[in-house]
Amino acid sequence: MERPLFKLAPRSKTKSTPESASRITGIKGVLLNLENGINYVSLFLLALIPAVEVVLRTFFRTGIPDSSGYVYHLVFLLTFLGGALTARENRHLSIVAGNEHLPERWKGPVHIINSHLAIAILTAFVWSSLSFALMAFDGSARIGIIPIRLFILFMPIGFAGIALRILWLSSNRTVPRIAAGLGFVLGTLLAFSSIYNLLFYFYPGLPLYFDTLLNQWFTLIAPVSLVLIIVLIVSAGLGNQLFVVLGGVAYLLFARTGGALESIPNEAYTMLISETIPVIPLFTLAGFILSESKAGERLVSLFHGLFAWIPGGQIVAAVLVSTFFTTFTGASGVTILALGGILYVVLHKEGPFTEKFTTGFLTASGSVGFLFPPSLTIILYAVVARISVVDMFIGAFIPGVIVMVTMMMIGIVVAYRNKVPTSPFNWREVRQGLRESIWELLLPVFIIIFYFAGITTLLETASLAVVYIAVIETVVHHDLRLRDLPGVAVKAIPIIGGVLIILAMSRGLSYYIIDAQVPNVLTEWIQQNIQSKIIFLVLLNIVLIITGCFMDIFSAIMVVAPLVIPLGEVFGVHPVHLGIIFLANLELGFMTPPVGLNLFLSSYRFEKPLNQIYTNVIPFFVLQLVALLVITYVPWFTTVLLQLFG
Amino acid sequence: IKLGSAAPDNSIWADSLKELANEWHEISDGQIEVKIYFAGFKDEADLIRKMRFNQLQAGIVTGFGLQVLYPNVLALSIPFLIQSEDEFEYVLDEIGPVMAEEIEKKGFKLLTWAKAGWVYFYTKKPMVSPMDMRQMKIASTGSEGGDLMNALKNLGFHPVKVSNEEVLPALASGMVEAVYATPLAVAAMQWFGVANNMADMKVAPFLGGILISDRVWQRIPEDIRPQLMESVERVGNQLDQQIGELEDDIIEQMKSHGLRVNDIPPEAVEEWKALFEKGRQQSGETLYSEEFMQRLEGLLQEYRSSN
Ligand code: NA
Ligand code: NA
Chain Y
2 MERPLFKLAP
12 RSKTKSTPES
22 ASRITGIKGV
32 LLNLENGINY
42 VSLFLLALIP
52 AVEVVLRTFF
62 RTGIPDSSGY
72 VYHLVFLLTF
82 LGGALTAREN
92 RHLSIVAGNE
102 HLPERWKGPV
112 HIINSHLAIA
122 ILTAFVWSSL
132 SFALMAFDGS
142 ARIGIIPIRL
152 FILFMPIGFA
162 GIALRILWLS
172 SNRTVPRIAA
182 GLGFVLGTLL
192 AFSSIYNLLF
202 YFYPGLPLYF
212 DTLLNQWFTL
222 IAPVSLVLII
232 VLIVSAGLGN
242 QLFVVLGGVA
252 YLLFARTGGA
262 LESIPNEAYT
272 MLISETIPVI
282 PLFTLAGFIL
292 SESKAGERLV
302 SLFHGLFAWI
312 PGGQIVAAVL
322 VSTFFTTFTG
332 ASGVTILALG
342 GILYVVLHKE
352 GPFTEKFTTG
362 FLTASGSVGF
372 LFPPSLTIIL
382 YAVVARISVV
392 DMFIGAFIPG
402 VIVMVTMMMI
412 GIVVAYRNKV
422 PTSPFNWREV
432 RQGLRESIWE
442 LLLPVFIIIF
452 YFAGITTLLE
462 TASLAVVYIA
472 VIETVVHHDL
482 RLRDLPGVAV
492 KAIPIIGGVL
502 IILAMSRGLS
512 YYIIDAQVPN
522 VLTEWIQQNI
532 QSKIIFLVLL
542 NIVLIITGCF
552 MDIFSAIMVV
562 APLVIPLGEV
572 FGVHPVHLGI
582 IFLANLELGF
592 MTPPVGLNLF
602 LSSYRFEKPL
612 NQIYTNVIPF
622 FVLQLVALLV
632 ITYVPWFTTV
642 LLQLFG
Chain C
363 IKLGSAAPDN
373 SIWADSLKEL
383 ANEWHEISDG
393 QIEVKIYFAG
403 FKDEADLIRK
413 MRFNQLQAGI
423 VTGFGLQVLY
433 PNVLALSIPF
443 LIQSEDEFEY
453 VLDEIGPVMA
463 EEIEKKGFKL
473 LTWAKAGWVY
483 FYTKKPMVSP
493 MDMRQMKIAS
503 TGSEGGDLMN
513 ALKNLGFHPV
523 KVSNEEVLPA
533 LASGMVEAVY
543 ATPLAVAAMQ
553 WFGVANNMAD
563 MKVAPFLGGI
573 LISDRVWQRI
583 PEDIRPQLME
593 SVERVGNQLD
603 QQIGELEDDI
613 IEQMKSHGLR
623 VNDIPPEAVE
633 EWKALFEKGR
643 QQSGETLYSE
653 EFMQRLEGLL
663 QEYRSSN
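First to last, the sequence lines map onto chains Y and C.
According to the working numbering, the first sequence is numbered sequentially starting from 2.
According to the working numbering, the second sequence is numbered sequentially starting from 363.
Each hint should be verified, as a subset may be incorrect.
[Said to hold, decoys possible] Pair ranges (Cβ atoms, derived):
(1) Y:Phe203 with C:Gln393: 31 to 41 angstroms
(2) C:Glu659 with Y:Ile65: 28 to 38 angstroms
(3) C:Lys640 with Y:Trp637: 27 to 37 angstroms
(4) Y:Thr59 with C:Arg622: 26 to 36 angstroms
(5) Y:Ile65 with C:Lys640: 34 to 44 angstroms
(6) Y:Pro594 with C:Lys397: 23 to 33 angstroms
(7) Y:Phe203 with C:Glu395: 28 to 38 angstroms
(8) C:Glu595 with Y:Val402: 49 to 59 angstroms
(9) Y:Gly238 with C:Asp585: 47 to 57 angstroms
[As the list claims (entries may be wrong)] Stretches of chain Y that chain C covers, calculated by requiring three or more beta carbons in the stretch to come under 8 angstroms of a beta carbon on chain C:
(10) 257-269
(11) 387-394
(12) 511-522
Simulated from the structure, these hints should not be mistaken for laboratory data.
All C-beta atoms in this analysis are idealised placements derived from N, C-alpha and C, irrespective of residue type, glycine included.
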């Protein structure tokens with residue numbers, strides 16, 4: 002039985018065929034091979050360095066000097082070079098896929114306008130990230146032996162690469178292409194203050210004339226950027242790329258208020274240089290290796306044997322697996338990346354559920370599990386709120402179960418209603434399935450042992466998972482050959498670049514909100530105008546849902562939680578209960594647009610446009626919302642165990 | 363002026379900063395408005411970057427931020443080099459202006475130094491001698507550069523690199539069993555919940571300071587600058603006096619939440635000091651300049667021989 006579990010994304014019909022490096026010769030071929038090569042080598046090193054570090058530490062009590070510095074900066078490099086590769090394959094996410102819903106004669110012009118805007122914003126990013134590289138870092142600052150500035154340089158290179166590719170794909174005819182290309186001019190004008198900084202860096206004796214020019218630019222940019230912000234938001238609805246819109250709006254907001262334009266690249270850098278972000282590319286890669294092998298088929302047959310006798314049994318299994326992964330990785334959507342493909346087959350292709358249900362369900366269950374120990378989010382919240390981590394874990398247990406059971410019930414109910422046939426428990430099938438997929442099943446076991454026994458960090462665990470899976474699928478199962486691995490990696494890179502670049506560029510927006518001190522104003526208002534605890538909780542739910550639309554859970558913990566906590570005290574909300582409300586609320590943020598990690602990951606994994614994913618996830622969002630309300634307004638669920646064990 | 367603060371909101375430091383903002387507003391007849399940001403940067407390196415490209419114009423930072431501009435700052439926090447408050451004060455008086463000058467070369471005016479407390483060891487199991495510590499894996503958060511980590515390795519300890527946010531889960535799982543940090547940091551990060559033994563032995567002092575970007579400082583009218591400096595220095599002194607109180611306070615608070623403070627007998631303290639002294643002499647190339655280290659050690663000898 003030979004069938005591919007995955008096709009790579011079907012390229013949108015309106016777009017030109019992607020360039021495959023192997024088929025193109027000459028200079029262009031060399032450059033494309035170079036691009037693939039750098040990306041591949043970076044991902045390869047990213048996967049290996051932490052694993053090597055573990056070996057060196059465990060057996061030789063030594064390590065690679067500054068290894069985590071290298072790892073973080075490799076992720077940075079992959080984001081922007083990978084992003085350029087994503088553009089090459091025309092696979093950056095937009096809210097709606099292309100502009101198919103428009104009348105035929107509008108399509109061409111709208112596409113040109115979108116391209117023009119995107120090129121302008123990307124050009125502005127090129128200038129501001131160049132200026133960021135020079136201003137924010139010393140020439141002497143190094144990661145290991147490599148100057149930091151060299152790493153940063155890949156940001157403008159990546160942006161320029163994306164802009165050129167958008168130009169290339171804008172039109173086949175000269176005049177429209179020139180119109181799109183004029184975006185380079187607009188972008189340069191938008192970036193004048195960064196260009197001024199660059200000039201000043203190289204010629205400190207800049208004539209005074211430039212200062213006058215800069216002042217004029219500041220007065221002019223305020224109204225211009227307001228118009229552009231509106232245009233950009235509209236263009237998002239017409240198929241413009243999401244990371245351009247999010248980054249562009251933040252950029253223009255800073256320009257409007259006289260802020261430093263370098264803030265956008267800096268927020269991207271700050272977001273990407275972290276211990277948790279590298280987990281995303283690593284689990285993506287592990288997921289791709291799994292899905293390119295026949296592991297999926299093996300697991301499907303095992304799951305069939307194990308759960309087919311319960312109506313909706315597959316759903317129960319899927320929720321358990323998903324919860325498990327989120328809980329110990331603390332990273333939402335890991336399941337979508339690593340197991341989304343297999344679960345899709347189990348639930349939809351081999352199972353009784355519709356595609357709409359399956360994609361919606363998997364998107365929503367991607368973040369179930371944040372409330373169980375040892376989830377990083379709980380620990381972080383406890384740290385910020387200065388309450389006991391153990392109390393948080395105890396208090397979160399029942400609410401966590403409520404969210405989990407809600408998701409399971411959906412599956413069972415749907416299965417009952419559709420009279421999904423069950424089959425008797427088949428011991429032979431289970432035994433054979435176990436024997437065949439024992440190596441893949443051991444992966445989570447190893448992960449638990451390594452992580453919980455304190456042998457490895459999360460990042461190292463992810464790296465070991467990649468190495469382990471690569472060895473299993475090549476050496477043990479012979480599903481893949483060693484020389485297939487670069488090909489698998491190159492397939493994963495556009496997705497890695499696409500997801501990371503959205504995360505990176507959306508950070509600017511949340512920083513703008515902090516810089517404008519919006520949260521402080523909000524809390525002051527609440528303190529002055531609200532007296533009732535119930536109204537406070539209602540408002541809290543609403544505000545946190547809105548927060549979750551724009552901010553990821555980690556930023557929200559760092560920024561919003563410190564403002565909410567004193568308010569909770571004023572209204573007499575138990576501190577642990579407040580924490581659970583906070584986290585459960587922001588768990589929903591993973592599936593709310595415009596910034597919702599699970600949505601992005603699903604869109605890539607299941608090859609569906611974002612707006613379709615939005616629609617599919619709505620019923621599950623509503624159910625989890627109900628669970629949230631139960632958790633919020635019945636504090637007993639949080640406090641009962643605390644009274645017993647706290 | 364936007365000022366980013368690495369000190370948390372709701373601390374006595376925050377109050378002093380707000381006082382400073384008001385004074386500057388008055389001195390400048392309303393020309394200078396200082397907005398204080400307690401959030402909006404991930405760490406002190408981020409805060410420094412934001413000052414460099416002028417998104418923030420001033421900042422209150424500790425050694426972690428200062429070392430980005432001038433790595434030698436952290437040489438003052440080498441374990442058991444500076445051993446008492448008086449020594450710290452003596453050294454800072456002498457060498458502070460030199461360090462401020464170096465920081466100025468990077469485009470930052472150092473308005474005042476501020477003490478950030480003393481570093482102690484916190485462990486899961488009680489620890490007295492270096493021998494005890496050798497049995498434990500020590501969390502090294504890396505913000506202080508690879509130097510200290512190498513030094514610890516050479517002395518037979520087992521440092522493990524973990525990020526700041528991972529220290530707590532790492533302590534819980536046993537991946538690390540000890541940390542070193544100031545009481546303020548340990549309380550803020552809740553590390554003492556797991557590493558609930560504190561060795562009552564000052565390991566090293568930690569330094570902070572208030573910075574303003576030079577570009578902005580130069581734009582302030584020259585005639586009011588001395589008044590502004592005076593105001594900062596007063597607040598700086600106030601902070602220095604408060605830090606001791608604050609530290610005692612926090613240790614008391616942690617004690618009421620289960621922290622045990624263990625006495626270290628004098629002979630064990632001597633053992634620690636001798637060990638690190640030996641380590642310093644053996645260590646080859648470090649982040650800190652040789653000239654600076656000589657100056658520093660010279661000052662300490664000077665002080666110790668005259669007292
Ligand atoms: Na999950
Ligand atoms: Na969201």
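Q: If any of the earlier hints don't hold here, list their numbers in rising order.
A: Hint check: 3, 5 fail, others pass.
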